[in-house]
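Make a model of the complete structure from these sequences and hints.
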Amino acid sequence: MQERRELSPTKINQDLLRFAFHTPLWFWIAAIVLGCIFGAGLVSFILMLIFGLTLLGYTNIQLWGILITNFVFWVGISHAGVMISAILRLTQAEWRRPVTRAAEVLTVFALATAATFPLIHTGRPWRVPYWVFPYDFGRGIFPDVRSALIWDPSAIFTYLSSSAMFIYVALVPDLAIARDQSTGWRRQLYGLLALGFRGTARQWKLQTIAGILLSGLILPVFVSVHSIVSWDFAMAITPGWHSSTFPPYFVIGAVHSGVSAVATLMAILRWIFHLEDYITPDHFDALGRLLLVVVNTWLFFFLLDMVFGIGTRDPNELAIWELRIFQQPFNVLFPVFFITGYIIPMGFWVFKKVRRNIKIMFWTSLIANVGMWLERYIIIVPAVSDKRPFTFTWIPVYQVQPIEVILVLASFALVSLGVLLFAKFFPIIPLFDIKEGQVLKQEIQVGRVRVPGIIRE
Amino acid sequence: MTETAHHHTVHTPAEATRDLLNRLTVTGGGLLAIILLAILAVAGAVRLILLAMPEPEPPTSWGYAVAILAFLMSTAQAAPILAFATRLAKGYWGIPLRRAADLLGLSGLVTTPLFIIILFQLPDFHGRTSTWNDWPYAPHLYDAVAICLLTITNLAIIWLTSVPDLAAARDTRGSRLASFLAMGWTGTKRRWNILTTGTILLGSFYLMWFVYVHMYLASDLAMALVPGWHSSIFPAYHAVSSLQAGAAATLLTLLILRRLAGLERYVGVDPFWGASKLLLGTSLLFFYFTWSEFIPMWYGRLPYEMNVLGVLMFGPFLPLFGLSFVLNFVLPFALLIWNPIRKSIMGPTFVAMLILTGNFIDRVRIYLSSWSVAGPVGMSIEVWPPIRPPALGDLAIIVGALSALMLLYLLALRVVPPVSLWEHKSALLLTVERRFIKTEVAVVAKPR
Amino acid sequence: MAEVAPAPGTVQNPAGEETHQWGMVIDIDRCTGCQACVIACQSENNIPINDERSFVQHRAKEWIRIERYWEGTFPNVKARFLPVLCQHCQNAPCEPVCPVYAIYHSSDGLNVQVYNRCVGTRYCGNNCQWNVRFFNFSENEWPEPLGSQLNPDVTVRTKGLIEKCTFCIHRIQRGKRTEKRNGQPLRDGDIQPACAQACPSDAIVFGDWKDSNSRINRLARDPRHYELLGELGAEPVVVYLKKVDPNAVETAAAQRH
Numbered sequence: 043m044q045e046r047r048e049l050s051p052t053k054i055n056q057d058l059l060r061f062a063f064h065t066p067l068w069f070w071i072a073a074i075v076l077g078c079i080f081g082a083g084l085v086s087f088i089l090m091l092i093f094g095l096t097l098l099g100y101t102n103i104q105l106w107g108i109l110i111t112n113f114v115f116w117v118g119i120s121h122a123g124v125m126i127s128a129i130l131r132l133t134q135a136e137w138r139r140p141v142t143r144a145a146e147v148l149t150v151f152a153l154a155t156a157a158t159f160p161l162i163h164t165g166r167p168w169r170v171p172y173w174v175f176p177y178d179f180g181r182g183i184f185p186d187v188r189s190a191l192i193w194d195p196s197a198i199f200t201y202l203s204s205s206a207m208f209i210y211v212a213l214v215p216d217l218a219i220a221r222d223q224s225t226g227w228r229r230q231l232y233g234l235l236a237l238g239f240r241g242t243a244r245q246w247k248l249q250t251i252a253g254i255l256l257s258g259l260i261l262p263v264f265v266s267v268h269s270i271v272s273w274d275f276a277m278a279i280t281p282g283w284h285s286s287t288f289p290p291y292f293v294i295g296a297v298h299s300g301v302s303a304v305a306t307l308m309a310i311l312r313w314i315f316h317l318e319d320y321i322t323p324d325h326f327d328a329l330g331r332l333l334l335v336v337v338n339t340w341l342f343f344f345l346l347d348m349v350f351g352i353g354t355r356d357p358n359e360l361a362i363w364e365l366r367i368f369q370q371p372f373n374v375l376f377p378v379f380f381i382t383g384y385i386i387p388m389g390f391w392v393f394k395k396v397r398r399n400i401k402i403m404f405w406t407s408l409i410a411n412v413g414m415w416l417e418r419y420i421i422i423v424p425a426v427s428d429k430r431p432f433t434f435t436w437i438p439v440y441q442v443q444p445i446e447v448i449l450v451l452a453s454f455a456l457v458s459l460g461v462l463l464f465a466k467f468f469p470i471i472p473l474f475d476i477k478e479g480q481v482l483k484q485e486i487q488v489g490r491v492r493v494p495g496i497i498r499e
Numbered sequence: 002m003t004e005t006a007h008h009h010t011v012h013t014p015a016e017a018t019r020d021l022l023n024r025l026t027v028t029g030g031g032l033l034a035i036i037l038l039a040i041l042a043v044a045g046a047v048r049l050i051l052l053a054m055p056e057p058e059p060p061t062s063w064g065y066a067v068a069i070l071a072f073l074m075s076t077a078q079a080a081p082i083l084a085f086a087t088r089l090a091k092g093y094w095g096i097p098l099r100r101a102a103d104l105l106g107l108s109g110l111v112t113t114p115l116f117i118i119i120l121f122q123l124p125d126f127h128g129r130t131s132t133w134n135d136w137p138y139a140p141h142l143y144d145a146v147a148i149c150l151l152t153i154t155n156l157a158i159i160w161l162t163s164v165p166d167l168a169a170a171r172d173t174r175g176s177r178l179a180s181f182l183a184m185g186w187t188g189t190k191r192r193w194n195i196l197t198t199g200t201i202l203l204g205s206f207y208l209m210w211f212v213y214v215h216m217y218l219a220s221d222l223a224m225a226l227v228p229g230w231h232s233s234i235f236p237a238y239h240a241v242s243s244l245q246a247g248a249a250a251t252l253l254t255l256l257i258l259r260r261l262a263g264l265e266r267y268v269g270v271d272p273f274w275g276a277s278k279l280l281l282g283t284s285l286l287f288f289y290f291t292w293s294e295f296i297p298m299w300y301g302r303l304p305y306e307m308n309v310l311g312v313l314m315f316g317p318f319l320p321l322f323g324l325s326f327v328l329n330f331v332l333p334f335a336l337l338i339w340n341p342i343r344k345s346i347m348g349p350t351f352v353a354m355l356i357l358t359g360n361f362i363d364r365v366r367i368y369l370s371s372w373s374v375a376g377p378v379g380m381s382i383e384v385w386p387p388i389r390p391p392a393l394g395d396l397a398i399i400v401g402a403l404s405a406l407m408l409l410y411l412l413a414l415r416v417v418p419p420v421s422l423w424e425h426k427s428a429l430l431l432t433v434e435r436r437f438i439k440t441e442v443a444v445v446a447k448p449r
Numbered sequence: 003m004a005e006v007a008p009a010p011g012t013v014q015n016p017a018g019e020e021t022h023q024w025g026m027v028i029d030i031d032r033c034t035g036c037q038a039c040v041i042a043c044q045s046e047n048n049i050p051i052n053d054e055r056s057f058v059q060h061r062a063k064e065w066i067r068i069e070r071y072w073e074g075t076f077p078n079v080k081a082r083f084l085p086v087l088c089q090h091c092q093n094a095p096c097e098p099v100c101p102v103y104a105i106y107h108s109s110d111g112l113n114v115q116v117y118n119r120c121v122g123t124r125y126c127g128n129n130c131q132w133n134v135r136f137f138n139f140s141e142n143e144w145p146e147p148l149g150s151q152l153n154p155d156v157t158v159r160t161k162g163l164i165e166k167c168t169f170c171i172h173r174i175q176r177g178k179r180t181e182k183r184n185g186q187p188l189r190d191g192d193i194q195p196a197c198a199q200a201c202p203s204d205a206i207v208f209g210d211w212k213d214s215n216s217r218i219n220r221l222a223r224d225p226r227h228y229e230l231l232g233e234l235g236a237e238p239v240v241v242y243l244k245k246v247d248p249n250a251v252e253t254a255a256a257q258r259h
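Chains as they are written, first to last, in this note's numbering: chain A, 43 to 499; chain B, 2 to 449; chain C, 3 to 259.
Source of the hints: derived by calculation from the structure; they are not laboratory data. The beta carbon of each residue, even a glycine, is placed where N, CA and C say it ideally should be. Incorrect hints may appear among the rest.
Unchecked claim - As a list, the in silico SDA-like pairs of lysine to any residue whose alpha-carbon atoms are at most 25 Å apart:
1) A:K394 x A:P171
2) B:K190 x A:V493
3) C:K161 x A:V493
4) C:K245 x A:F432
5) B:K439 x A:T242
6) B:K91 x A:I476
7) B:K447 x A:T242
8) B:K91 x A:F432
9) A:K483 x B:V47
10) B:K447 x A:I183
11) C:K161 x A:I183
12) C:K80 x C:C36
13) B:K278 x A:V335
14) C:K244 x A:P357
Said to hold, decoys possible - Computed from the model, here is a short list of chain A residues facing chain C with C-beta under 10 Å:
15) T96
16) Q441
17) P444
The following block contains the structure:
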């Protein structure tokens, strides 16, 4: 299933560490541009602190809007890491090797960015860390654990810390190689981080066991994080939010978002770092096939939510679904979301030729994420626009404000900046993983044919 | 994970063919078993018909019949999905269990008539919380078509995956039945391609259709009957717990076949080891889906949802819920997290037996409670019904259904071998053992 | 019917004092839709002035609002008015969702919003099904000399937090302080929130459910009583009395044909 080219360990070291040691011009340009966009986001936040949330598009009943949609979106993207690295490692899929670290890094930065959004959208953010922290600071009041908004930070920080640990454990052997090949301040830095890894049998064994343990332990975290985020909505009795299928629905939507984002990221990395030897059309083919399964499972849960929501025949639920599909502005947004989130990806990814075409994979995975962003918006905002049949709600159309757009763009800039900076200092493709894959390749003679094979671990 | 055949014996494909095909004839004790099972099956069928005919019985009397229908659909009819999953992922460890799993699809011949009879016992569907929106002949027409299509797919899968073995039986033993069923199979490249593509396509369709049918089993035969039960996850919960029970049923059947049919050389620890991970995963998913069903209802404190929780989980049916939770999640999880238990034959099978018991109790909990509450359309449940212990007639139906399945299984084993011979032979061809650095490893071919 | 407040000696009332269970009866038949209650509430509780812009932005704050339902077709159009305010639910959906305990249920049966604890996550506003919780999107301003009209008994809320009807808790507290000072027990009607006091047709009646002789207990025995969104199981302490339709008999007869 894989195209095999003989890659010597020296060549691998050279290719993958090149960026850590040399800084091309485009890196500075990209960093500055992204930094400026992120700066605009910071300025917007400061404006919000000064003037209040009046700068955003909220109304008296639409009390959550674009910022929470963005929060859910980034938590969704963060599910890429575990899906690719943990699950594929546990099922011993060979094609995961170049992809794991990039996916994990995307996870960490996406999560960190996501975590800022519930903070900045509150009325008084300067008090939030103080009171949500699980310690009473002499006031005798702990945070209210009945609230789903307290389950959220616990889940997110657990996932963030375990993902960070996961990256670090996998990074240690590569840091050792970087240490051995560098001089000066780089050698100091990598030496410190490599924890004295020398490549002895015992160290390799410990490193492998740590990786497998973390893979196993992070799986329940992966399922629980987005389930807990979904319970922010499902615990409310608001019609349209009070749906028991939200946890698996959100999780599978997150996997869809995340794996599409990994496909986008891999295409970008291949292009800017010239990694044609390492990221091949085979990988996109495999990602595409995984995405096909995920996209259809997503469709199942989406239809489950819709069909069984409408099937309750509760007039309030029906009103929300009617709003989501037929009323302005959702009569445009809903078809756009379904086409970009399901029909285009599904339509393109069924074909093997398309899956192996990296340009098309890049664009379709990007489009899929546009659809998934809209999906979260369509879940969140209509339900709070028309809670119960009171007259003075008037089902207002949410007016998106410029600051909200800036904040969303700034979140993209922050994640990109984070991944870029990480790739600058550390190899974004795991060296030892690739070398291990080369070593495990074998061939078998079956009749008159030589068939590629792999050593079963 | 090492490949199956090499750790148990080094035998050639020809030896395997001779060995398995010689054992297709069953005499003596086997014949007695077939007669006994046939009697029990007929007794169950008679009781079922008596329940359905002259006057309609109240829905409560049907609770156990629906429970055994759901149990068979959740366990035996879910088993072919495990076989399909191993085919799709090209997992060699799963080869010994594929035939055992596919043959469990014969349960479709039992569940289809049972489902259709039960459909006609449903109270009036107009205005109920259901997805059919009062369309004409809903749900009877659509659900009947769905279950028939599911069973037809089951039979197609069984036939398609057996064709090369039937051809082998035709060639070595001259059996006329095998010759008829093999439909002139010759092992040309084109036919092999059609076979492999066909099994994958049929398997994918089966997985999707199975989940679809379970959605309607859960929603039309349970959710629609309980006022105020507005749960979108329950159909998915039903499908996922069925995947768990399907794997469990496959493992139990595989162990029984291994003992009774002497398949030690073909069935090692690998299928049990591989399936144990699926059992662990699906047991965790059982907990996840049960919790996702419970928490929004309990947290929201809406009166009609508190009533649903009372009837289904925490009221009179609490013992059944507790037992099902322990047997489907707590014990499997506690046992399967240990490597030695997973990597054995008895370990996963013992857990499989726990899960099958738990699944049966869970289906009784769901369907007995919902059929006891079934009445006119309303907003909220008025009275929480008590548990009705099974009467003799209920036991006759339960035992009859299970006997019918076993009967069909035994009859099928007279025509095809209990292990998928052609897949086993292909695995023999595609694995070798090699020296690697200082040890011997198994190398598995991954042809494109 | 509303249930009684926690008894003395329980967790919510450890001091063991005699408690009240404040509530209201609102008679829809008497409501003329004059909005005197809305204005009285606004001036009593330092609610900011709602100009046209705040209504267009759907951010106008009305702790009590008059819902208006039109019936019939022109020229036989009728309006039905429904004053909606915080129901002070015994089983409030807004209470468990606040992450910082800014909402609690007092021993008097009131749903109390603690302004200085609120961080403005607005989950309570999303979960309240009566839409009676309002968020301060910006600093509230009263151009001079309107600042002089502010009620000194009530705080002015800063931006970033949620506010709602309090049953004029400052008046309740004043009443209880007077009771303690004078030693004379409170009589029914001594404490009146601004809306009840201002209503010209006496549609809003405030009282103590635990006082068996209170006017609200008598009014609530009317067969017209119902609770707004009662099917949600939130147990509101506000009871509504349905509007009497003088043409009900004819309408029903017409509908049968």
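Point to revise | List of violated hint numbers, smallest to largest | key: Of the numbered hints given earlier, those the structure breaks are 1, 3, 7, 8, 9, 10 and 17, listed in rising order.
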